[in-house]
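Enquirer: Chains E and W are the protein sequences, given in the same order. Position 347 (the first sequence) corresponds to 347 in my numbering; numbering is contiguous. Position 89 (the second sequence) corresponds to 1089 in my numbering; numbering is contiguous.
Please note: incorrect hints may appear among the correct ones.
[To be verified] Okay, derived cross-link-like pairs now, DSS-like style, lysine-lysine, Cα gap no bigger than 30 Å in a straight line: (1) E:Lys10 to W:Lys1449; (2) E:Lys2 to E:Lys106; (3) E:Lys6 to W:Lys1190; (4) W:Lys1082 to W:Lys1315; (5) E:Lys2 to W:Lys1024; (6) E:Lys2 to W:Lys1190.
Please keep in mind that the hints were generated in silico from the structure rather than gathered at the bench. Note that the structure is a prediction, hence the values are computed from the model and not measured.
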Amino acid sequence: MKNLLKLTAKCFLVCLPMIAVTVYLRWQPFNYMDGEAPYYIWNRDQARQESETYYETLILGDSVANSAFLPEVLSDGTLNMALGGMTPVESYYVLEEWMDSHPAPKACYIAYQDLHLQQDECFWPRFMYSHRLTPSQSLEILACARRYDCSGITSSAPFSDFLSYELYLPNKYMTSLVSAGLKGRRAYNELVYRINELHRGRYIGSYFQDYQEGTVPALYEHFQIDPMIDFYYRKLIGLCLANGIRVRLFRAPMPDNSICTDSYREEFWAYYDGLKEAYPEITVDWYEPCGTVFFSDAVHMNPRGALKLCEEIKDRYPEDFSGQELSERQKEGLNDYIRYEKLPDQLRPWLENRDYILLCWDADGIFPVGEWETVLPYVSAYYGNVFAEGGLQLALTDDGGTAEVWCEGMEEPVFWTRPEPETFSMMVLDPERQVVHWRDFRRDGEQYVVCAERMPE
Amino acid sequence: MLFNSLEFLIFFPIAAIVFFVVPKRWKNLWLLAASYYFYMCWNARYALLLLFSTVVTYLSGLFLDRVRESGMPERRKKNWKKAVVAVSFFLNLFILFYFKYINFALETLGQLLSIIHIKLRVPFFDVLLPVGISFYTFQALGYTMDVYREKVPAERNFLQYALFVSFFPQLVAGPIERSDHLLGQLREPKPFNYESVRTGLLLMLWGLFLKVVISDRCAVLVNTVYGDYQSFQGYALILANLLFGVQIYCDFMGYSVVAKGAACVMGYELMDNFSQPYLAASVRDFWRRWHISLSSWLRDYLYIPLGGSRGGRLKKYRNLLITFLVSGLWHGAKLTFLFWGGLHGVFQIAEDFAAPFWAKLRRLLRMRDGNAFCRVLGTLKTFILVEVGWVFFRAESVSSALWILRNSFVLQDFTWFLSTDRLRLGLNGTNLLILFLAVCVLAVTEIMKERKIQLLKWLSSRNFLIRYGVYWGAMLFLLASMNIMGQEFIYFQF
């Protein structure tokens, strides 16, 4: 017995470095996990924690759904719970978890790209890695994967992989730990978490990523669904219907250069008509393709595209989105997008029908007046050329080098120095009359490019 | 189930603890069940092959004993015994041939016939190679031969014999144990012994260090280069070849040491499979130190029955070549392995030829037999020859091996080592540094072992700080390697 105790103590001592690292991995995930993990962790926290706000609409699905929905545009009661790589398998547990700690939403918008109906490739590297699912949920998925022989999930050693992730063993996290190095990733991961908080779950393509030339357009030839994923898809719809949730399935828009064959459309509708037959209450929408300017790649919409789609959806299903007034949270989210929008003409849709003020100072008149026609209805002041109105006060210093901008609601005026020759300056004031966008542009051929950032740090 | 996997980390303590807890008469039954479970983790159906091989060799042992004890005339007895051995060999080798060599044999036949313009439509057999089949088949056949030679009595207890064939620490990649060594130990299961458990666990830690820290890290670079060898030349190829030598040694020795450690925890002693092979003074010496269990098996059950070195030089060389071709073929159903085996045979013949000239030269230079300079020179020569052999062992085909050898000697500037080209090899600076340090540790231990210093004994006699410094150092190395670990052991495919 004495020897046995001695041996156990020695084994523990020898393994001390391994144990210490495991404990560190368990308690400090933000220090080393890759940049997407906080997005999954935020999603987990939202689903498990009770909230004061009643969420009437939930978005479920993969990165396509995540990028296509802007909760700040839809309503204050909308939450984007879609996650990159999520299939109906994980979506089912996310909704189930949600229902355990929240009242049922009125509607669920559900969308997946085809890849995530064909295979579950992110179960291990994303969901298990970031501990998005509970151990019992993961085990349930593993058991089902074994039953359906789902190759994406049934790894060569699923049980040990499961244990390794659940126990935060170094064999699964060492790569992240080594990559994170001594500096760690905490600051970045906390920022990602805050971005999720700010945009209520919309994280994929958070900011303005333009469609890159050379992006290979997507080709849609056949629509297929994995049996296990189909099983969970139906289970998910069943869960929604059982709780009186309106189910809106939709095929997110694709860039207009995508190739979509007739046979694909036929197979798509054959499947979804089957679903509609089984669940007559659901709606299935196919959103037609739109320009590549609304996409950041071959499948994901950028915020411009998401804005366009959300406004379309809001018009189509007004019953799912109550409250017309922008809440504080919505304003904050919108401001963040406006802050990152770079091009003057693309600011317009963000400001349209909202209480924002756009100011331009085009001292040299480089911005042809004709082009203002498209912007004018949204321009409350066009100093130096056209007008000022709506309680806005603009005063130019004697030398004409600085303008003092003030309007009702502002604590103190903003001093605006004259833009450099051959440039013009643009400023956006939000409904709280805070400056949310302030940049100088220069004309470069047909385009306007940013030449100076004026926003204070 | 890999030794460097979490499954084994769970399986082994359970297997060992239950082994110590259950009453003596159940110990072997438990170990047998654990061994079959261990094997079935790969492919449950292939356990039937293991069982078949066990039953055939077990029955052949009983038959041989019965023939020996029967009152029939000696000549008839001899004939019967030969027949029993032949049947046992035929059945075992037939299975080995079917699962390992059938496609290679048919393909080779087709190619040979095409030379004389006979076109043969070669069918392809979709068979999965059973893990460790070459190891357990040779171990079981070794037993048949030992009973035939009356070196050991036939084992009557089937469970005991089945455990001998399937003993999990050495089941899938050796060492190929001899019946007179392991079978006797299995008859007497040992109780818990603190010292052997401690020694076993330390051996396992060392084996994992070799595999995970050195071998897996080398594998990254070697696989990168060999995967696209035509886009590399000079130093990159030389470095990959050198590291493959290190990789295969640490991979296989790592496995053997973990196996030895796992057996030691339960009180069994497995044979040493390696004895500082890269310090060998000749290729012949190398084979006394490398994969000792296989080379001694081939020596005892093939080379010597063929006539060994008796019957003149020509016969000796013939036997040597046959043995090494079989050794090559044992490693895999590929021409490259055959070539590798043949090359080692040729190296030894060449060494044998050159021996009198070297002896004369030494005498002329007044150098003694054990002269240090000669020794270093011999070690260097052997290392280079072995490395040349490894190129054939690792390459996909003989032609690619020849290409690699040709292009290894393209002159390059030394600054290549500092250039960004080096990063194309797949290992960054930190990993190269870890690898370098780990290889230094290996080199020191090899030299200490060569000088007959017992490392574990040496370590045990140090104070707490040194001991735990070494253990924690190994642990930290293991931790730093976990992002690249998880590769299978090379010898599993054999």
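Enquirer: Next step is simple, just say for each hint if it's right about the structure.
Expert: Structure-based check of each hint:
Only pairs whose Cα atoms come within 30 Å are accepted, and E:Lys10 paired with W:Lys1449 is accepted, the gap being roughly 25 Å. Restraint check for E:Lys2 and E:Lys106: the C-alpha separation of about 64 Å exceeds 30 Å, so the hint is violated. The suggested pairing of E:Lys6 with W:Lys1190 holds, with an alpha-carbon distance near 20 Å, which does not exceed 30 Å. Our distance criterion of 30 Å between C-alpha atoms is met by W:Lys1082 and W:Lys1315, whose separation comes to about 24 Å.
Only pairs whose Cα atoms come within 30 Å are accepted, and E:Lys2 paired with W:Lys1024 is accepted, the gap being roughly 22 Å. Distance restraint check for E:Lys2 and W:Lys1190: the Cα-Cα separation of roughly 19 Å lies within the 30 Å cut-off, and the hinted pair is therefore satisfied.
Hint compliance for this structure: hint 2 is the single one not met.
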